[in-house]
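Asker: Build out the structure end to end from the sequences listed, making use of the hints.
There are 2 protein chains.
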Amino acid sequence: MADTGTGPIQHGESLLFLTDEQLRKGIEAMFFAYRAFTSDPDRILEQHGYGRAHHRAVHFIHRAPGTTVNNLLAILGVTKQSLNRVLRALIEDGLVESRVGKRDKRERHLYLTPVGAALEQELSDAQRARMRSAFRAAGPEAVAGFRQVLEAMMDPEMRRQYASMRDGGQ
Amino acid sequence: MADTGTGPIQHGESLLFLTDEQLRKGIEAMFFAYRAFTSDPDRILEQHGYGRAHHRAVHFIHRAPGTTVNNLLAILGVTKQSLNRVLRALIEDGLVESRVGKRDKRERHLYLTPVGAALEQELSDAQRARMRSAFRAAGPEAVAGFRQVLEAMMDPEMRRQYASMRDGGQ
DNA sequence: GATTTTATGTCAGTCTTGTTGACATTCCAA
DNA sequence: TTGGAATGTCAACAAGACTGACATAAAATC
Numbered sequence: 000m001a002d003t004g005t006g007p008i009q010h011g012e013s014l015l016f017l018t019d020e021q022l023r024k025g026i027e028a029m030f031f032a033y034r035a036f037t038s039d040p041d042r043i044l045e046q047h048g049y050g051r052a053h054h055r056a057v058h059f060i061h062r063a064p065g066t067t068v069n070n071l072l073a074i075l076g077v078t079k080q081s082l083n084r085v086l087r088a089l090i091e092d093g094l095v096e097s098r099v100g101k102r103d104k105r106e107r108h109l110y111l112t113p114v115g116a117a118l119e120q121e122l123s124d125a126q127r128a129r130m131r132s133a134f135r136a137a138g139p140e141a142v143a144g145f146r147q148v149l150e151a152m153m154d155p156e157m158r159r160q161y162a163s164m165r166d167g168g169q
Numbered sequence: 000m001a002d003t004g005t006g007p008i009q010h011g012e013s014l015l016f017l018t019d020e021q022l023r024k025g026i027e028a029m030f031f032a033y034r035a036f037t038s039d040p041d042r043i044l045e046q047h048g049y050g051r052a053h054h055r056a057v058h059f060i061h062r063a064p065g066t067t068v069n070n071l072l073a074i075l076g077v078t079k080q081s082l083n084r085v086l087r088a089l090i091e092d093g094l095v096e097s098r099v100g101k102r103d104k105r106e107r108h109l110y111l112t113p114v115g116a117a118l119e120q121e122l123s124d125a126q127r128a129r130m131r132s133a134f135r136a137a138g139p140e141a142v143a144g145f146r147q148v149l150e151a152m153m154d155p156e157m158r159r160q161y162a163s164m165r166d167g168g169q
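Heads up: the protein sequence lines correspond to chains A and B, in order. The first sequence runs 0 to 169 under numbering that gives the first Met the number 0. The second sequence runs 0 to 169 under numbering that gives the first Met the number 0.
Worth flagging that the hints you see were computed from the coordinates, not collected in a lab. Please note that a few of the clues may not be correct.
What the hints assert, rightly or not - Beta-carbon label-pair distances, calculated as ranges:
1) B:D154 with A:Q80: 45 to 55 Å
2) A:I43 with B:K104: 42 to 52 Å
3) A:A116 with B:E121: 42 to 52 Å
4) B:G76 with A:R159: 30 to 40 Å
5) B:V68 with A:D154: 34 to 44 Å
6) A:A125 with B:E140: 27 to 37 Å
To be verified - Chain B is nowhere near these chain A residues, computed Cβ spacing over 10 Å in every case:
7) L44
8) T67
9) N70
10) G76
11) S81
12) I90
13) D103
14) V114
15) E121
16) E140
17) R146
18) M157
As the list claims (entries may be wrong) - Here are the simulated lysine to aspartate or glutamate pairs, EDC-like style, with alpha carbons at most 16 Å apart:
19) B:K24 with A:E91
20) B:K79 with B:E106
21) A:K24 with B:D124
Where is the CB? At the ideal position from N, CA and C, for every residue including glycine.
Answerer: Below, the structure written as C-alpha cells:
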C-alpha cells in the first residue's frame with residue numbers, strides 16, 4: 000500500500016499514464032461514453048414504452064435462448080421482483096415466451112418471439128452502429144486496448160460471466 | 000450505407016475487428032465494466048445515504064468550483080428540478096455551499112465544503128483505485144486505445160464537454 | 001412418505017432519480 | 001417601466017430499483 004498513485008513514480012519505465020489526472024480523465028471518459036452508449040437504445044425503447052431493464056432482458060435472452068429466470072437474474076444482477084416485473088410485461092406483450100422446463104418443471108425457459116427478436120434487432124443495430132463507428136475511427140489496436148482495459152476493470156466473477164455465456168438450453 | 004457490418008468485408012486490410020461478433024463483445028464489455036466501475040462508489044454512497052446523482056454533482060463541483068446550477072445541468076444532462084433535489088440535500092447536509100452570484104444575482108455558484116470535499120475524496124479514491132489497477136494491468140498502449148474508443152463513442156457535443164471543462168468562477 | 005430445499009411468481013411498501021407544471025426572482029432590453 | 005428571458009425552487013408524479021413476506025410447485029433428501 001505504499002504507492003497510492005498520488006503522483007508519478009518512476010521505476011525505470013514511464014508510469015505517467017497512472018497519474019491521478021490520467022485516471023480522472025479515464026473516469027470521466029467512462030461517464031460520458033456510457034451515456035452516449037445507452038442514448039440510442041433509450042430513444043428506441045421510449046417509443047415502445049419500455050426502459051433499459053427491458054433492453055437488458057431482451058439482449059441476454061437473445062444471446063442465450065432458453066435461459067432460465069435464475070440464470071438471467073445472475074447475469075443482470077437485479078432482484079427477482081425487479082426482473083419479474085419486466086418479464087411479465089414482455090410476456091404479456093408477446094415479445095418473450097416462457098416455457099416450462101422439460102426435465103425440471105419448476106424452471107421457466109425464456110425465448111424471444113419473432114416480435115421480440117425484431118425489437119432486439121432494432122436495438123442492437125442502433126448500438127452496433129455507434130460501436131462500429133467508434134471502432135472504425137479508433138482502429139484495431141485501440142479497440143484491443145479498449146477491450147483489455149474494460150476487462151481488467153471487471154470483478155473476477157463478472158469477468159467469468161462476460162467471457163463465457165453459453166448454458167440455458169433445456 | 001452499403002456496409003452494414005453484418006459480415007467481415009476485406010478492403011485489402013483486415014477489418015475483422017468490425018464484425019458483429021466483435022461489436023457485440025464490445026457492447027457487453029461496456030455493460031459489465033460500467034457496472035464494476037460504479038460498484039465501489041455505490042457502496043460508499045449507500046453508507047452515507049446518497050445515490051449516484053449525488054456522486055455526479057459532487058464530482059463536477061469538485062472539478063469546477065464555483066460552477067453555476069445551469070452549468071452543472073448541461074454537464075449532467077438532467078432536468079434542473081432533478082438536480083435541484085440532489086443539491087438541496089447536499090446543501091442541507093453541509094456538503095455543498097451555494098453562493099448568490101455577485102454579477103448576476105440569479106445565479107448560484109456552487110462549492111464543496113470541507114465535509115463535501117472529504118466525501119469527494121473518499122469516492123474518487125475508490126474509483127481511481129479500480130481504474131489504476133485496470134490501467135496498470137492493461138498497460139499504457141491499451142489505456143491509450145481505451146481512451147480513443149471511448150472518445151470516439153461520444154456525441155460531438157459531449158466530446159466538447161469532456162475535453163474542456165473549466166469555467167465556473169463568478 | 002414426510003420434510004426440506006429450490007425455482008419461480010406475487011403483493012405491498014419504500015427509495016432514488018428521472019419527468020412536467022407552476023411559480024418566484026432577477027436581469028435586460030424595448 | 002414594463003414585459004420577456006433566464007435562473008432557480010417547490011410540488012406532484014412515474015419508472016424502476018430495493019426489501020420483506022408469502023404462495024406454489026417440483027425436486028431432493030431423510
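Asker: Just checking, I90 of chain A versus chain B, shortest CB gap more than 10 Å?
Answerer: 23 Å, holds
Asker: Does N70 of chain A clear chain B by more than 10 Å, comparing its Cβ with all Cβ atoms of that chain?
Answerer: Consistent with the label, N70 of chain A stays out of reach of chain B, its closest Cβ about 15 Å off (over 10 Å).
Asker: Is the distance from the Cβ of A116 of chain A to the Cβ of E121 of chain B consistent with 42 to 52 Å?
Answerer: About 45 Å separates the Cβ atoms of A116 of chain A and E121 of chain B, which means 42 to 52 Å holds.
Asker: Measuring Cβ to Cβ, find out whether L44 of chain A lies farther than 10 Å from everything in chain B.
Answerer: 15 Å, holds
Asker: When you look at the beta carbon of V114 of chain A, is every beta carbon of chain B farther off than 10 Å?
Answerer: 21 Å, holds
Asker: Should the hint that V68 of chain B and D154 of chain A are 34 to 44 Å apart at their CB atoms be regarded as holding?
Answerer: Check passed, 36 Å falls within 34 to 44 Å.
Asker: Looking only at beta-carbon atoms, does the pair A125 of chain A, E140 of chain B fall within the given range of 27 to 37 Å?
Answerer: 30 Å, holds
Asker: Do the alpha carbons of K24 of chain B and E91 of chain A lie within 16 Å of each other, as the hint requires?
Answerer: This hinted pair is violated, its Cα atoms lying about 30 Å apart.
Asker: For S81 of chain A, is the shortest CB-to-CB distance to chain B above 10 Å, so the non-interface label stands?
Answerer: At about 15 Å from chain B, S81 of chain A clears the 10 Å cut-off, so the statement holds.
Asker: Over 10 Å from every CB of chain B: does E121 of chain A meet that, or does the non-interface label fail?
Answerer: Its Cβ never comes within 10 Å of chain B, the nearest being 14 Å, so this holds.
Asker: Assess, step by step, whether the Cα of K79 of chain B is no farther than 16 Å from the Cα of E106 of chain B, and give holds or violated.
Answerer: Measuring from Cα to Cα gives roughly 13 Å; hence the hint holds.
Asker: With 10 Å as the threshold, tell me whether M157 of chain A passes as away from chain B on beta-carbon distances.
Answerer: M157 of chain A is in fact no farther than 10 Å from some Cβ atom of chain B, at 5 Å.
Checked against the numbered hints above, the structure violates hints 1, 10, 16, 17, 18, 19; every other hint is satisfied.
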